[in-house]
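Q: With the hints as your guide, set chain B onto chain A.
Here the protein sequences come in this chain order: A and B. Take the first sequence: its letters are residues 0 to 396, numbered as in numbering that gives the first Met the number 0. Take the second sequence: its letters are residues 0 to 332, numbered as in numbering that gives the first Met the number 0.
Worth flagging that the hints you see were computed from the coordinates, not collected in a lab. A hint or two may mislead.
Restraint-style ranges between C-beta atoms, simulated for each label pair [claimed, not checked]:
hint, chain 1, residue 1, chain 2, residue 2, range
1, B, ASP67, A, THR209, 51 to 57 Å
2, B, PRO316, A, GLU32, 27 to 33 Å
3, B, GLY229, A, THR11, 25 to 31 Å
4, A, VAL28, B, ARG41, 44 to 50 Å
5, A, ILE7, B, THR87, 31 to 37 Å
6, B, TYR331, A, LEU10, 51 to 57 Å
7, B, ILE230, A, THR209, 40 to 46 Å
8, A, THR11, B, LEU22, 42 to 48 Å
9, B, GLY229, A, GLU55, 47 to 53 Å
10, A, TYR45, B, LEU319, 48 to 54 Å
11, A, PHE236, B, TRP293, 47 to 53 Å
12, A, LEU10, B, LEU319, 33 to 39 Å
No residue lacks a Cβ here, since even glycine has one placed at the ideal position from N, Cα and C.
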Amino acid sequence: MQNKGITIKELTVNMGPQHPATHGVLRLVLELEGEIIKKCIPHIGYLHRGIEKLSEDLTYVQSLPLTDRVDYLSSMVNNEGFCVAIEKLMGIEVPERAKFIRTMMAEMARICSHLVWIATHALDIGAMTVFLYAMRDREELLEMFEMVTGARLTVSYPRVGGVRCDVNNRFLDKLYNFIEKFPKKVEEYETLIDRNRVWLKRTKGVGVITAQEAINWGLTGPTLRGSGVYYDVRKFFPYDAYDKVDFEVPVGKNGDVYDRYRCRMLEFRQSARIIKQCIEKLPEGPILADNALRIRMPESPLKIDKKDIIFEIYIEDKQIQEFIQKFTEVYASVEAPRGELGFYIICDDSSKPYRMRVRAPSFVHAGVLPKLCEGSLVADVIANIGSIDIVLGECDR
Amino acid sequence: MDTLYIIAITIIKTAVYFGILMLHVAYATYAERKIIGHIQLRLGPMVVGPHGILQPIADVVKLLFKEDIVPAKVDKTIFKIAPIISLTAALSTFAVIPVNKNWVIADINVGLLYVIGIAGIGTYGIIFSGWASNSKYAFLGGLRSAAQMVSYEVALGLSLVGVILMAESFNLTEIVNKQTEYWYGMFLFPQIIAYFVFVVAMLAETNRLPFDLPEAETELVAGYFVEYSGIRFSLFYLAEYLAMFSMSALATICFWGGWTAPPILIKAFPILEFVPGFVWFLIKVYFHIFLFFWLRGTLPRYRYDQLMAIGWKVLIPLALVNIVVTSIVKYYY
Chain A
0 MQNKGITIKE LTVNMGPQHP ATHGVLRLVL ELEGEIIKKC IPHIGYLHRG IEKLSEDLTY
60 VQSLPLTDRV DYLSSMVNNE GFCVAIEKLM GIEVPERAKF IRTMMAEMAR ICSHLVWIAT
120 HALDIGAMTV FLYAMRDREE LLEMFEMVTG ARLTVSYPRV GGVRCDVNNR FLDKLYNFIE
180 KFPKKVEEYE TLIDRNRVWL KRTKGVGVIT AQEAINWGLT GPTLRGSGVY YDVRKFFPYD
240 AYDKVDFEVP VGKNGDVYDR YRCRMLEFRQ SARIIKQCIE KLPEGPILAD NALRIRMPES
300 PLKIDKKDII FEIYIEDKQI QEFIQKFTEV YASVEAPRGE LGFYIICDDS SKPYRMRVRA
360 PSFVHAGVLP KLCEGSLVAD VIANIGSIDI VLGECDR
Chain B
0 MDTLYIIAIT IIKTAVYFGI LMLHVAYATY AERKIIGHIQ LRLGPMVVGP HGILQPIADV
60 VKLLFKEDIV PAKVDKTIFK IAPIISLTAA LSTFAVIPVN KNWVIADINV GLLYVIGIAG
120 IGTYGIIFSG WASNSKYAFL GGLRSAAQMV SYEVALGLSL VGVILMAESF NLTEIVNKQT
180 EYWYGMFLFP QIIAYFVFVV AMLAETNRLP FDLPEAETEL VAGYFVEYSG IRFSLFYLAE
240 YLAMFSMSAL ATICFWGGWT APPILIKAFP ILEFVPGFVW FLIKVYFHIF LFFWLRGTLP
300 RYRYDQLMAI GWKVLIPLAL VNIVVTSIVK YYY
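Same shape as in the complex, but just chain B:
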């Protein structure tokens, strides 16, 4: 009975979490179009509903009803599985991400490792789709993403080691709790190098500008998903946005103190204590999401070899230096 109860609760939790998450993703696409629109002196979507507020719903309906084309010479099984792998991996990361105190589906003790591990699986979806599409552009896109993700996952993982050293735990809730012990309430300040490495690697992991080489529109047309259409195409899109959210959430938890406000801020303005935790969390997450959009509106794209050079010659050494410095400081204080 007890087990059944836990299972039922978990399913309900997951369903609610999933529903809210999907709503956020849908409106992140809307926000992206609006924000980039205004950066580029346009209005963005304006037709469906007031200020285009219903645009994401219209998009979903359109994508659902579009013909799902499977080209004749593709490897059908892998072609069909690839977007599902991407999406599943992107969704699974959210199982361990706490939104508020105790608002988490699975509070496991290796949460951070789990997130990085699962995010790595998403790469397979991209490589598979590039290979199975039997298209040269998709193939090049798949190859690029394989190289890119492998090298940037190293930087991403190493940048988080500093945080782990400071928090003395892999559990995401623990990491957040540890940050509240400091008066500034964030690992952002002692781990500023790690945060920089993390943000750059995060952009590369999610294939966003300036590192959107696997789908480089002007070179590879659309990269790995060039042969996809309809709902399968939208699954890739969904996975990309979910990855953005999970990376932003990770940045928020590891560097920005998660759902807590800095103690010094609370001391200065006691009224802030009544702001619910998830509001802080969402503000911090959406700051990162905005960062993604902002960079997309501003920066050109790196070249493949330059991307690799940045990953191996700049980010990884920086992350290693950070680990060494953090360890030394930790050892003596």
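Just chain A, same shape as in the assembly:
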């Protein structure tokens, strides 16, 4: 723009990859005109670890701990998704008890993940106190993860064909107590933010995406449901024990930041409901299928060359071999806290996948950021990033 010798140009601001509010290492290049965003370009890839490629060199069992690192805030769901995919591939039937335990754990992970989301989202908008309240409750859940799995964040707990170890009554009691109290705590967060005029002003009508657009962009999870689309993998393609528990899928209306926030807040309560039912209905029985994938040491390790000591999967079962020949590729998805997390696996006759592809909701959601941000103000970028709830580990893999 040329005006009497004065050149007016847009201010290009590089937001990230090191920035307190981009939830990891997202980099946004913003072109500003005053405070208004003219253009927003997300750059990703700062946390790429090559998980998909790595898994091509690892057996199906060995790939499992890698999936923890995909979305490190809800590693349990990632493990579950991977296991569900392999089980579908090999036709392994998971015992009932394991199914319920998995469902329970996945919902715990969902609560954990949503707690981190509400903490950071509120912090971004300026409400500091919610952050510490949410972290307090997350701590209790992480401790419970530790009781069962020995790890707090990267749990690697589900196995192809079941779960690694059984839960005991002490854990169940503790979890039940927590779940009883939890809806009250959610109300506590809501008193801090939901009845706050400032919060409502910052979130209502911001970052609107209509239902049709949301579907076209491939959004899933609460980000899609905030726009009023009723879609949830747990309801539409039930896996594990989701068809045996009773729960509702909260759906928003306007597709703005507030509705996405509202959906997740209601999901807290539904997750608590699912966990409660899982504890009540938890059947007795084995936790691992008979034909589960197991790791076998070579017959006599001492006689083999060091480089040959590789843990092979023990696929003896005829049925499984038939399955693998029948299905050379498989796609299975689970409802991760962020959306539909899918695993697409192409296999050959070896014990390693030929190709594994992770359909990460965060990747799709990061792509929609320009749509949400352009034309709004700088402060809305922060609200939008918070509301689509991306984890860059999952986005870059």
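A: Same frame as chain A, but now just chain B:
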């Protein structure tokens, strides 16, 4: 000789005032961390001294010994001057603020105008630092603060007009004395609208939540002082806390009756008469300081356009209405 004597006394007064003020500021930072800590289910500083009581001293020592980084491409002169402007402006306001009866450095007759005027100069420090830093985040922070301070200073000034009308004076001591003539001893009750406008504008003037846009941590990283470090950074911090104190003191003097207790309270409990004036003053000031901390622990941050809308569409009309109503009432009674 007489002049020399006055100068010497003034210098001593200023030094004592300054020393006590700095102690209060230091412990206000400690109080903020403790109060917000307890609001957020934390303990706050606990390590340096019992219950972290020596934390402010440790902080000051740390900030003094840190390297003072001046980035290569900044406008060096302005970059260095900016924090000093902020601090000087914040400190100068205290020259006219009476803490007790006759406990004031300069008892000038336009005290209230002086405070508002000097507080306005502090904005320059922020704008300068934002401009001179040669950083986009600092620049945005500086721009925001320019717009914010200009619009909220209007509301702040207008809210005090009601008080001036009632007190018939700009002198802060006069304003306090006038309030004791009423049985409730405070302008807070007749000027409740003005007080509301004042408190909101006060939050915006001092860049505190929910109006801390110039330094919005999650958007602009640290806003205007993003490039500052060491002692220059701490000067900005000091200026912010001093501004909090001066605004609280102004609220206390103009609306809460300064160092006096309400006459009705004294009548009910005669023993309260023996409480020294500055104790009342400090209690009232620290109530406001607590308000700052409390809001910081509770509220999210407003967006830039919403902040402007509140300033121009809510606060200024309210303040104007208050002036009109006060004038009419004053004229007929």
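Q: Among all the numbered hints in the text so far, which are the ones the structure does not match?
A: Violated: hints 4, 7.
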